[in-house]
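Enquirer: Chain residues, written in single-letter form:
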Amino acid sequence: EAQVTQNPRYLITVTGKKLTVTCSQNMNHEYMSWYRQDPGLGLRQIYYSMNVEVTDKGDVPEGYKVSRKEKRNFPLILESPSPNQTSLYFCASSEMTGKETQYFGPGTRLLVL
Amino acid sequence: AQTVTQSQPEMSVQEAETVTLSCTYDTSESDYYLFWYKQPPSRQMILVIRQEAYKQQNATENRFSVNFQKAAKSFSLKISDSQLGDAAMYFCAYRTRQGGSEKLVFGKGTKLTVNP
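As given, the protein sequences belong to chains A and B, one line each in that order. For the first sequence, this note's numbering gives the first residue as 1, with consecutive numbering after it. For the second sequence, this note's numbering gives the first residue as 114, with consecutive numbering after it.
Honestly, the hints are just simulated from the structure, not real lab data. The C-beta atom is built at its ideal place from N, Cα and C for all residues, glycine as well. Misleading hints may appear alongside valid ones.
Stated by the list, open to error - Which stretches of chain A does chain B cover? Using the computed rule of at least three CB atoms under 8 Å from a CB of chain B, they are:
id, stretch
1, 34-47
2, 101-110
Said to hold, decoys possible - Lysine-lysine pairs mimicking DSSO-like chemistry, simulated, CA-CA at most 30 Å apart:
id, chain 1, residue 1, chain 2, residue 2
3, B, Lys168, A, Lys65
4, B, Lys216, A, Lys71
5, A, Lys57, A, Lys71
6, A, Lys17, A, Lys71
7, B, Lys216, B, Lys168
8, A, Lys18, B, Lys224
9, B, Lys221, B, Lys183
10, A, Lys57, A, Lys18
11, A, Lys18, A, Lys71
12, A, Lys65, A, Lys17
13, A, Lys57, B, Lys191
14, A, Lys65, A, Lys18
15, B, Lys221, B, Lys186
16, B, Lys168, B, Lys186
17, A, Lys69, A, Lys17
18, B, Lys216, B, Lys183
19, A, Lys65, B, Lys221
20, B, Lys191, B, Lys216
21, B, Lys216, B, Lys186
22, B, Lys216, A, Lys57
23, B, Lys216, A, Lys69
24, B, Lys186, A, Lys17
25, A, Lys69, B, Lys186
26, A, Lys18, B, Lys191
27, A, Lys69, A, Lys57
28, B, Lys183, B, Lys168
29, A, Lys57, A, Lys17
Given these sequences and hints, build the entire structure.
Expert: Encoded structure:
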């Protein structure tokens, strides 16, 4: 079954404690991306990757890091989380051509105290 | 920079009726892609329909259709014969086709309520 998986699905942490949200896809997609969703703001792109070792900033990259060492994985790293990073996070993947739909993971709800 | 605007934060419709959700966008590009995504209470993002800007024909998927007006930069979603399961947040999204940047820009969403 084609899917994008994220772990963990729910996470409560404290300010400053480094965390990683993993994302993995089994469709051999070149393109992967992270979004955050906040009430009234819709989804905003954090980072995206067009292939292994190729990453670029989206609209709200501050406070986040990513890496793409393998094609199937695209982890999101919060080196020093802050309360304003409390949000719902989605990972997505697609073929490189722009017309292709993005497949979304189930979301990770993060609360930073 | 591309922007996507959904001017209706909330909409409601009676079951079996038709509703139209509005979306406008701003871009200087001539070739791009537009999408409507549905997000039910489960929070899963589900593709409803997509439109390629170079195609003049409006996309249709069963009860869902779009009215794509390229010159006006408008991309509205029409839901016919609304069903209770259509209740969700709906997001309009824009994706550039040009290389170098593969951003997907979303609107802020429209919450659709379907009344029995």
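Enquirer: Which hints from the list above does the structure break, by number from lowest to highest?
Expert: 3, 8, 13, 24, 25, 26
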